[in-house]
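> Going line by line, the protein sequences match chains W and V.
So in the numbering used here, spot 42 of the first sequence is number 42, and the numbers just go up one at a time.
So in the numbering used here, spot 80 of the second sequence is number 80, and the numbers just go up one at a time.
If you are wondering where the hints come from, they were derived from the structure by calculation, not from laboratory data.
Each residue gets a CB set at the ideal place from its N, CA and C atoms; glycine is no exception.
Accuracy of the hints is not assured; some may be wrong.
What the hints assert, rightly or not - Using C-beta positions, here's what the derived DEER-type ranges look like: (1) W:Arg73 with V:Ser28: 31 to 39 Å; (2) V:Leu56 with W:Thr110: 44 to 52 Å; (3) V:Glu66 with W:Ser82: 42 to 50 Å; (4) V:Glu64 with W:Glu22: 33 to 41 Å; (5) W:Thr108 with V:Lys109: 17 to 25 Å; (6) V:Pro18 with W:Glu22: 36 to 44 Å.
As the list claims (entries may be wrong) - No farther apart than 20 Å at their CA atoms in a straight line, the calculated lysine to aspartate or glutamate pairs in the DMTMM-like style are these: (7) V:Lys106 with W:Asp59; (8) V:Lys49 with V:Asp85; (9) W:Lys57 with W:Asp38; (10) W:Lys70 with W:Asp51; (11) V:Lys106 with W:Glu98; (12) V:Lys96 with W:Glu98; (13) V:Lys106 with V:Glu95; (14) W:Lys57 with V:Glu95; (15) V:Lys96 with V:Glu66; (16) V:Lys109 with W:Asp38; (17) W:Lys70 with W:Glu30; (18) W:Lys70 with W:Glu22; (19) W:Lys55 with W:Glu69; (20) W:Lys57 with W:Glu22; (21) W:Lys70 with W:Asp28; (22) W:Lys70 with W:Asp26; (23) V:Lys49 with W:Glu98; (24) V:Lys109 with V:Glu15; (25) W:Lys70 with W:Glu56; (26) W:Lys71 with W:Glu98; (27) W:Lys53 with W:Glu22; (28) V:Lys106 with W:Asp38; (29) W:Lys57 with W:Glu30; (30) V:Lys96 with W:Glu30.
What the hints assert, rightly or not - Just a few of them, taken from the derived set where beta-carbon distance is under 8 Å, the chain V residues facing chain W: (31) Ser9; (32) Tyr32; (33) Gln42; (34) Gly43; (35) Leu46; (36) Lys49; (37) Leu51; (38) Phe90; (39) Lys101; (40) Leu102.
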Amino acid sequence: DVKVTQSSRYLVKRTGEKVFLECVQDMDHENMFWYRQDPGLGLRLIYFSYDVKMKEKGDIPEGYSVSREKKERFSLILESASTNQTSMYLCASRNIYEQYFGPGTRLTVT
Amino acid sequence: AQSVTQLDSQVPVFEEAPVELRCNYSSSVSVYLFWYVQYPNQGLQLLLKYLSGSTLVESINGFEAEFNKSQTSFHLRKPSVHISDTAEYFCAVSEKGGSEKLVFGKGTKLTVNP
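Chain W on its own, in the form it takes in the complex:
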């Protein structure tokens, strides 16, 4: 069965902290994605990666960076967390047509 896991379901961080969100998939997919989900705004793409060490900016990359050192792992980094980054973060990986999502990490920045 397809599986995408995220390192934490809930996370509370302070303003200015560096935050790492980890995502692992077990399907040998080349493409992986990070989204944030906010009420009334749907899902917005932050970054995606189509291969190891390759990345592309999505629609809202400001304040974020990513790392993909291994095919199965895609990390989202908040270099200096701010309160407007409080959100639900969803990771996904993709086969030919379908994206498979992890359970999400609800991040609160205080």
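Dock chain V against the given chain W, drawing on the hints supplied.
Below, chain V without anything else, positioned relative to chain W:
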């Protein structure tokens, strides 16, 4: 670039009533279309997809959607809903033969009341 409009942010219905969740898209090229469902406190799950062929696609739990190219729509329907269908539903589009990205609508929250 593509865009997706979900016309209703919230849809309340009674159990066993029919429901339609509306989705319109905009694209200058041919597209693939998807409906995802998100149950409370969970990630998104694919409900159904249109890739090619028959314009009517069905899910295993009784939902169906019809691709209408002339109206650029992909509305989701179910003839009789259950309490367990309460969830948020997202319509999404991607380009055929284009980038790997999905563009999502803002979601429709379906609440099924007893």
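> Decide, hint by hint, whether the structure agrees.
Hints and how they fare:
1. Between Arg73 of chain W and Ser28 of chain V, the C-beta spacing of about 35 Å keeps the proposed range 31 to 39 Å intact.
2. Against the hinted window of 44 to 52 Å, the Cβ-Cβ separation of Leu56 of chain V and Thr110 of chain W comes to about 49 Å, which satisfies the hint.
3. For the pair Glu66 of chain V and Ser82 of chain W, the supplied restraint of 42 to 50 Å holds, since their beta-carbon distance comes to about 43 Å.
4. For Glu64 of chain V and Glu22 of chain W, the hinted distance range of 33 to 41 Å is satisfied, since their beta carbons lie about 37 Å from each other.
5. Range check, Thr108 of chain W to Lys109 of chain V: about 22 Å between beta-carbon atoms, so the 17 to 25 Å window is met.
6. Between Pro18 of chain V and Glu22 of chain W, the C-beta spacing of about 42 Å keeps the proposed range 36 to 44 Å intact.
7. Between the alpha carbons of Lys106 of chain V and Asp59 of chain W the distance comes to roughly 15 Å, so the proposed pair stays at or under 20 Å and holds.
8. For the suggested pair Lys49 of chain V and Asp85 of chain V, the alpha carbons sit about 18 Å apart, so the restraint of at most 20 Å is met.
9. At most 20 Å may separate the alpha-carbon atoms for a hinted pair to count; Lys57 of chain W and Asp38 of chain W meet this at roughly 19 Å.
10. Using a Cα cut-off of 20 Å, the hinted pair Lys70 of chain W and Asp51 of chain W holds, with the two alpha carbons roughly 9 Å apart.
11. Between Lys106 of chain V and Glu98 of chain W, the direct Cα distance comes to roughly 19 Å. Compliance with the 20 Å bound is thereby established for this hinted pair.
12. For a cut-off of 20 Å, the pair hint linking Lys96 of chain V to Glu98 of chain W stands: about 13 Å separates their Cα positions.
13. Restraint check for Lys106 of chain V and Glu95 of chain V: satisfied, since their Cα atoms lie roughly 19 Å apart, inside the 20 Å limit.
14. Our distance criterion of 20 Å between C-alpha atoms is met by Lys57 of chain W and Glu95 of chain V, whose separation comes to about 18 Å.
15. Our distance criterion of 20 Å between C-alpha atoms is met by Lys96 of chain V and Glu66 of chain V, whose separation comes to about 18 Å.
16. With a CA separation close to 13 Å, the supplied pair Lys109 of chain V and Asp38 of chain W stays within the 20 Å bound.
17. Taking the CA atoms of Lys70 of chain W and Glu30 of chain W, the gap is about 10 Å. The hint holds against a cut of 20 Å.
18. The straight-line distance between the Cα atoms of Lys70 of chain W and Glu22 of chain W is roughly 12 Å, inside the 20 Å bound, and the hint therefore holds.
19. Annotation: proposed proximity of Lys55 of chain W to Glu69 of chain W holds, straight-line Cα distance about 11 Å (limit 20 Å).
20. Proposed proximity of Lys57 of chain W and Glu22 of chain W is supported: the alpha carbons are some 18 Å apart, at most 20 Å.
21. The straight-line distance between the Cα atoms of Lys70 of chain W and Asp28 of chain W is roughly 10 Å, inside the 20 Å bound, and the hint therefore holds.
22. Between Lys70 of chain W and Asp26 of chain W the CA atoms are separated by roughly 12 Å; this keeps the pair inside 20 Å, and the hint holds.
23. Between Lys49 of chain V and Glu98 of chain W, the direct Cα distance comes to roughly 9 Å. Compliance with the 20 Å bound is thereby established for this hinted pair.
24. For the given pair, Lys109 of chain V sits about 15 Å from Glu15 of chain V by alpha-carbon distance, which is consistent with the 20 Å threshold.
25. Between Lys70 of chain W and Glu56 of chain W the alpha-carbon distance is near 16 Å, which keeps this suggested pair within the 20 Å criterion.
26. Pair hint Lys71 of chain W plus Glu98 of chain W holds up; C-alpha atoms about 18 Å apart against a cutoff of 20 Å.
27. A hinted pair counts as satisfied when its Cα atoms are at most 20 Å apart, and Lys53 of chain W with Glu22 of chain W qualifies at roughly 15 Å.
28. For the proposed pair Lys106 of chain V and Asp38 of chain W, the alpha carbon gap of about 9 Å is at most 20 Å, so the pair holds.
29. Between Lys57 of chain W and Glu30 of chain W the alpha-carbon distance is near 16 Å, which keeps this suggested pair within the 20 Å criterion.
30. Between Lys96 of chain V and Glu30 of chain W the CA atoms are separated by roughly 18 Å; this keeps the pair inside 20 Å, and the hint holds.
31. Because the beta carbon of Ser9 of chain V sits about 7 Å from the nearest beta carbon in chain W, less than 8 Å, this interface hint is met.
32. Of the supplied interface hints, the one on Tyr32 of chain V holds, with its beta-carbon coming within about 6 Å of a beta-carbon of chain W, less than 8 Å.
33. Below 8 Å, beta-carbon pairs count as interface contacts, and Gln42 of chain V has one with chain W at about 6 Å; its hint therefore holds.
34. A least Cβ separation of about 4 Å between Gly43 of chain V and chain W falls short of the 8 Å threshold, and the interface hint therefore holds.
35. The criterion of a C-beta within 8 Å of any C-beta in chain W is met by Leu46 of chain V, whose closest approach is roughly 6 Å, and the hint holds.
36. With a least beta-carbon distance of about 7 Å to chain W, the hint placing Lys49 of chain V at the interface is held under the 8 Å criterion.
37. For Leu51 of chain V, the interface hint holds, the least distance from its beta-carbon to any beta-carbon of chain W being 6 Å, beneath 8 Å.
38. With a least beta-carbon distance of about 6 Å to chain W, the hint placing Phe90 of chain V at the interface is held under the 8 Å criterion.
39. The beta carbon of Lys101 of chain V is positioned within 8 Å of a beta carbon in chain W (closest approach about 6 Å), and the interface hint is therefore held.
40. Interface restraint check: Leu102 of chain V against chain W, minimum CB-CB distance 6 Å, threshold 8 Å, status holds.
Checked against the numbered hints given earlier, this structure breaks none of them.
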